[in-house]
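> One-letter residues, chain by chain:
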Amino acid sequence: MAKILIAEDERDIRDLVTFTLQYAGHEVYQAQNGVEAVEMVKKHKPELILMDVRMPKMTGYEACAALKKNAALRDIPVVFLSAMGQDQEVQAGLDAGGIAYILKPFAPDELNRRVNEFLEQAAKR
Amino acid sequence: MQLAPGATLDLSDYPARNQALVKRDHFIVSRQNSDGDKRELAQLREQKMQGRVIVPLVVREEAIGLVEVQTADPVHTFTLSGVRLARTMASQAAVSIENARLQAEAYKLVEESFALQEISQRLSQVTVNLDAMYAVLKSQLPTLLKAQALFLALYDKGKERVTYPVALRDGKPEKIRAHKLRNDLVSWVIRNRTPLLAGGASEFSNIEAIMHREGIERREAGLVAYCGVPIATGGEVYGVLAVRDFDNPYAFNLPDVPVLESVASQIAATLQKAGLLTELEDRVQERTEELANERDRSETLFRITAELGTTLDVERVLHQALDMMTRAVGAEHAAILLIDPATQEVTHRTQLGQTGTNGAGPSDLEMQLMEWITAHRETLRIADATADARWTVADGDRTRAVMAAPLLQNEDLLGLMVLYSTRPATFDEAHQKLVTAAAAQVASAVNNAQLYRLTRQQAERLAELLRREQTEAAKSQAILEGVADGVMVADSQGEILLFNSAAERVLGLGRGEMVGKHIRQLAGVFGGAAREWFRAIEAWAANPASVEQDFLEQRLELGRRFVSVHLSPVTMGESFLGVVSVIRDITRDVEVDRLKSEFVSTVSHELRTPMTSIKGYADLLLLGAAGAVEERQRQFLEIIKNNADRLSMLVNDLLDISRIDQGRAKLNLAPVSVADVINDVVKHLKGRIEDQNKPMRVKVSVPGKLPPVLADYDRLTQIVTNLVDNAFQYTPAEGTIAVTASVTEDHIQVDVADTGIGIAPEHLERVFERFYRGEDPLVMETAGTGLGLAIVQNLVGDARRQDLG
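Protein sequences, first through last, are from chains A and B.
If you're matching positions, the first sequence starts at 56 in the numbering used here and goes up one per residue.
If you're matching positions, the second sequence starts at 22 in the numbering used here and goes up one per residue.
If you are wondering where the hints come from, they were derived from the structure by calculation, not from laboratory data.
Misleading hints may appear alongside valid ones.
[Stated by the list, open to error] Here are the simulated SDA-like cross-link-like pairs (lysine to any residue), alpha carbons at most 20 Å apart as the crow flies: (1) B/704 x A/144; (2) B/704 x A/112; (3) B/720 x B/689; (4) B/454 x B/345; (5) A/112 x A/87; (6) B/662 x A/112; (7) B/201 x B/222; (8) B/662 x A/158; (9) B/44 x B/79; (10) B/617 x A/129; (11) B/707 x A/140; (12) B/196 x B/169; (13) B/617 x A/169; (14) A/179 x A/140; (15) B/617 x A/168; (16) B/704 x A/168; (17) A/97 x A/83; (18) B/662 x A/165; (19) B/720 x B/676; (20) A/97 x A/145; (21) B/129 x B/283; (22) A/112 x B/626; (23) B/617 x A/112; (24) B/707 x A/87; (25) B/180 x B/303; (26) B/159 x B/44; (27) B/69 x B/44; (28) A/112 x B/627; (29) B/617 x A/74; (30) B/617 x A/140; (31) B/662 x A/130.
[Claimed, not checked] Examples of chain A residues toward chain B, derived with CB under 8 Å: (32) 94; (33) 109; (34) 156; (35) 160; (36) 164.
Backbone N, C-alpha and C fix where the C-beta goes; we use that ideal spot for every residue, glycine too.
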């Protein structure tokens with residue numbers, strides 16, 4: 056059971072992820088863009104952030120970079136969840152401070168499995 | 022007693038007078054003393070004289086004459102005092118006579134000595150001129166010798182010949198013919214080298230008697246007196262000086278001999294001097310001639326040398342040399358034969374005059390000469406070729422004397438110089454020496470000319486090559502100028518040699534500021550890229566053998582433009598000549614790539630976003646997250662999911678292709694365990710088998726200890742995955758997939774085999790084409806994009822290229 060933030064501008068996908076994570080028993084917070092995501096993180100201090108890349112107002116990269124500048128928030132793992140799968144896009148995510156880059160489309164059970172892995176990793180640190 | 026002057030009395034007829042002379046005492050003849058000299062008495066009676074006293078004229082105990090005093094008085098005959106008086110008078114007379122005689126003699130001696138002195142003086146003045154000496158003799162000898170006839174005979178010992186350069190008779194020149202040594206007076210004097218005095222009445226001095234006694238033949242009628250002395254000195258007889266008389270047998274006396282001898286010795290001295298001088302002169306003349314010949318030869322040789330030195334035109338050289346040689350040795354015709362160094366063929370190079378061969382090639386004689394010279398390598402002189410069986414003189418060829426000299430340059434026989442004459446023994450040793458020396462000069466000239474010709478041909482060839490090369494270079498330059506891409510050529514040291522106009526345009530640099538510069542200096546413009554170029558050039562220069570297919574490719578960002586630079590080494594054999602750089606403005610290509618990449622990125626994003634929802638929700642439904650699902654609903658949801666997966670795969674494959682096309686598949690090379698890769702792939706395969714519930718036998722054959730390979734782990738995994746996925750997709754359930762790794766030389770080979778539908782041979786060629794899947798219904802049944810093998814091929818191609826890089 057963990058607090059997870061999903062930042063995703065596409066509502067269908069945001070809901071899909073939310074449902075999938077809640078179905079697995081997690082507490083899920085939603086953000087529709089980068090700016091909102093940063094605010095929500097500050098507010099709720101989630102244990103894991105699933106971050107879309109292409110979002111209005113502030114991209115996932117920018118939001119991630121902003122979080123990593125904040126000493127209080129930089130340790131919260133960020134996992135990118137994007138439809139942009141070109142090498143340089145993946146690399147940009149990792150450069151911004153993401154611990155992983157999950158390419159859309161994904162299978163919900165596979166997502167859950169990975170999320171659990173990330174949470175376990177975070178817990179070990 | 023009455024006596025005619027000059028009359029001669031025989032004293033034996035007059036005992037009284039004889040007695041008076043012998044006893045040097047007076048003798049008295051008287052008619053009163055009848056037992057006296059009968060003839061005296063008879064004369065007294067005849068002259069009517071009574072008596073006479075005969076008184077000797079005595080000078081220094083010697084009676085030199087008689088004085089007779091007679092009287093007609095019969096009473097007063099001779100008293101003692103009278104006799105004394107007569108004797109005193111007689112001695113006075115005798116002294117007077119003696120004085121007179123001595124005076125005459127002294128006078129004569131003085132005269133002679135003057136004449137001798139004069140001759141001596143004159144002769145010493147004339148010294149060597151014999152004609153002058155003869156003139157002196159002609160004018161002086163008659164004065165001195167007062168002879169009716171005189172001559173100077175000269176004896177030539179070598180020819181045994183007697184000549185008469187001076188001969189006078191009665192004061193006029195007389196012609197006496199020259200003759201061999203014979204049996205005459207002159208020859209006798211020459212042979213015996215002693216004076217000969219002949220003349221007078223006595224049987225000892227009489228000329229006839231002497232000639233008879235000595236066995237001399239009479240040659241001149243009427244000769245009654247002769248006095249000849251040898252002209253000799255130091256045992257050498259030069260001739261005879263002789264005086265003769267045809268009237269007076271008493272013309273010459275003993276005192277004349279020393280006078281003649283004195284003159285003769287003067288003449289001898291002069292002759293000897295003259296002879297020595299003549300000999301000297303002869304020798305000088307001889308030597309002068311020798312020197313002249315020597316000089317002529319030297320001059321000829323010098324002229325030949327000079328002529329040969331001034332020109333390298335071998336024809337002219339040889340002709341001139343031959344011309345001078347023929348004139349120098351008196352030959353009539355001549356030839357120079359040369360041996361072709363390549364074919365050893367002997368040819369006439371030059372000939373002068375008619376050699377009897379008409380230039381048709383070497384004659385038999387010439388070939389024989391060549392053979393001899395080849396064997397002996399020295400100058401050959403033949404006095405008469407027709408007289409020697411070794412030599413063949415052609416019919417109609419009037420050649421007799423031959424001289425042939427080798428043309429030797431170092432050890433090489435270049436040919437032959439031959440001189441001919443129609444006169445036998447024309448050539449002597451001096452000629453031979455000259456020809457030998459001249460031949461050496463000619464050989465040197467021929468050699469020089471040949472070297473010059475070779476050098477000239479070589480130079481012409483080089484010039485032709487250079488011209489061609491220049492043309493080629495100009496062509497190359499024109500081509501290089503004409504190409505659209507920029508071309509920069511640098512030499513092995515990195516100095517820029519060529520910078521074409523396209524390069525100027527692309528790099529925005531004038532060639533004026535580039536050509537001649539070092540490539541290092543471009544660092545100011547291109548930064549680190551130029552330094553890499555220089556490092557590459559240095560590496561290539563250091564090891565030219567290994568750079569054959571090497572190159573350096575770089576992309577430069579110049580402001581808003583992109584430029585690609587491709588450097589290739591230029592090598593020839595083992596040497597590194599330089600580097601050719603092709604410079605291309607790829608700004609547009611880069612822009613197109615960027616647009617394409619953006620497009621692919623957008624498209625894939627826009628496709629994946631709805632697919633995420635489709636697949637995600639279908640999956641959720643299938644998971645039962647939204648409540649129970651009926652079997653028929655489940656079936657339909659599976660169809661949605663599978664098609665969503667298929668679309669997703671297509672998008673992934675498209676992204677891969679796009680990535681590969683952009684050359685962005687940068688390989689991350691590191692030592693990789695192939696076994697690990699295969700294990701990963703097989704794990705993934707087994708997952709698929711399970712997921713799809715499609716049972717398969719999977720055989721993995723990997724040797725225990727495979728060496729690591731240099732590879733990009735992810736790409737290698739992708740390649741093997743694509744192959745294994747293909748095997749899985751096109752093999753029916755219960756089939757077999759075999760993955761095998763093996764070591765081949767310096768590679769590891771991975772084989773994937775299946776028992777599936779296989780690929781028809783006609784499709785084999787096209788399996789790597791994008792989207793090509795063939796037309797087999799079995800294939801079409803299976804989901805696939807037709808991009809799997811294309812991706813594999815591209816990845817392998819990339820790896821190969823980068824491996825080589």
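> State the violated hints by number, sorted upward, taking the hints as numbered earlier in the document.
1, 2, 3, 6, 7, 10, 11, 13, 14, 15, 19, 20, 23, 24, 26, 27, 29, 31, 32 and 34
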